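Colleague: Take a look at the letters that make up each chain.
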Amino acid sequence: GAVVSQHPSRVICKSGTSVKIECRSLDFQATTMFWYRQFPKKSLMLMATSNEGSKATYEQGVEKDKFLINHASLTLSTLTVTSAHPEDSSFYICSASGTGHTEAFFGQGTRLTVV
Amino acid sequence: KQEVTQIPAALSVPEGENLVLNCSFTDSAIYNLQWFRQDPGKGLTSLLLIQSSQREQTSGRLNASLDKSSGRSTLYIAASQPGDSATYLCAVKELGNLIFGKGTKLSVKP
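Residue numbers (the numbering used here), protein chains in the order written: chain A, 1 to 115; chain B, 1001 to 1110.
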């Protein structure tokens, strides 16, 4: 299957700082990328959907000014958690897919801890 | 609103057993269904993808079936091994979006 690389895998930051997470499709053009958040013992929660070259579509309840998503190219999307707080600590996972209703491929996830 | 349910939430079996994981969904208007494996602290690994027009898919010791009309899918694991221990997630694809179940945490004891 296709490869999606997510970086960093783990990050610890101080409260009030911003953190950027990168998601890259290594061997295909990702027309759509998805960002998920996973809480312990819960299913993955979709945060936003981004299409290359256009603004991301955020799910209800997700603050777009806090979780900035950029999808500037067909191989890279970034999620920036701005002014992070301890309650933002979570596991964030990106997913990418090509054109049409194709299989979704996931990154390795990023464990964010805000102290 | 689509809801995906996975039963059981957790399962512990001895090595060598065949087992079945269940997934149900409330809206049959899906494009496809995917089964994933997630190891602790890791991302998702795609196991099997079943298109809405298909009934089953097989990969090695894994077999997934889909009954779209009844809103059900099963993942069959043959001759389970300790290395199969992980959380298994199913997800249905609607227009541009994957809806996930909460997963089944599988533990295979040596």
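Hint data in this document are derived by calculation from the structure and do not stem from the laboratory. It is possible that some hints are incorrect.
[To be verified] As a list, the in silico DSS-like pairs of lysine-lysine whose alpha-carbon atoms are at most 30 Å apart:
hint	chain 1	residue 1	chain 2	residue 2
1	A	42	B	1109
2	A	41	B	1109
3	A	42	B	1105
4	B	1105	A	55
5	B	1042	A	20
6	A	41	B	1042
7	A	55	B	1068
8	B	1042	A	66
9	B	1102	A	41
10	A	20	B	1068
11	B	1109	A	64
12	B	1042	A	42
13	A	20	B	1109
14	B	1001	A	42
15	B	1001	A	55
16	A	55	B	1042
17	A	14	B	1068
18	B	1109	A	66
19	A	42	A	20
20	B	1001	B	1105
21	A	55	A	14
22	A	14	B	1109
23	A	64	B	1068
24	B	1068	A	66
25	B	1001	A	64
26	A	66	B	1001
27	B	1102	A	55
28	B	1102	B	1042
Small disclaimer: the values here were computed from a predicted structure and weren't measured.
Colleague: Please go over all the hints and tell whether each is borne out by the structure.
Modeller: Verification of the supplied hints:
no. : hint            : result
1   : A:42 x B:1109   : holds (24 Å)
2   : A:41 x B:1109   : holds (21 Å)
3   : A:42 x B:1105   : holds (12 Å)
4   : B:1105 x A:55   : violated (36 Å)
5   : B:1042 x A:20   : holds (18 Å)
6   : A:41 x B:1042   : holds (14 Å)
7   : A:55 x B:1068   : violated (33 Å)
8   : B:1042 x A:66   : holds (24 Å)
9   : B:1102 x A:41   : holds (7 Å)
10  : A:20 x B:1068   : violated (39 Å)
11  : B:1109 x A:64   : violated (44 Å)
12  : B:1042 x A:42   : holds (15 Å)
13  : A:20 x B:1109   : violated (39 Å)
14  : B:1001 x A:42   : holds (18 Å)
15  : B:1001 x A:55   : holds (25 Å)
16  : A:55 x B:1042   : holds (28 Å)
17  : A:14 x B:1068   : violated (47 Å)
18  : B:1109 x A:66   : violated (43 Å)
19  : A:42 x A:20     : holds (24 Å)
20  : B:1001 x B:1105 : holds (25 Å)
21  : A:55 x A:14     : holds (28 Å)
22  : A:14 x B:1109   : violated (40 Å)
23  : A:64 x B:1068   : violated (35 Å)
24  : B:1068 x A:66   : violated (38 Å)
25  : B:1001 x A:64   : holds (23 Å)
26  : A:66 x B:1001   : holds (26 Å)
27  : B:1102 x A:55   : holds (29 Å)
28  : B:1102 x B:1042 : holds (15 Å)
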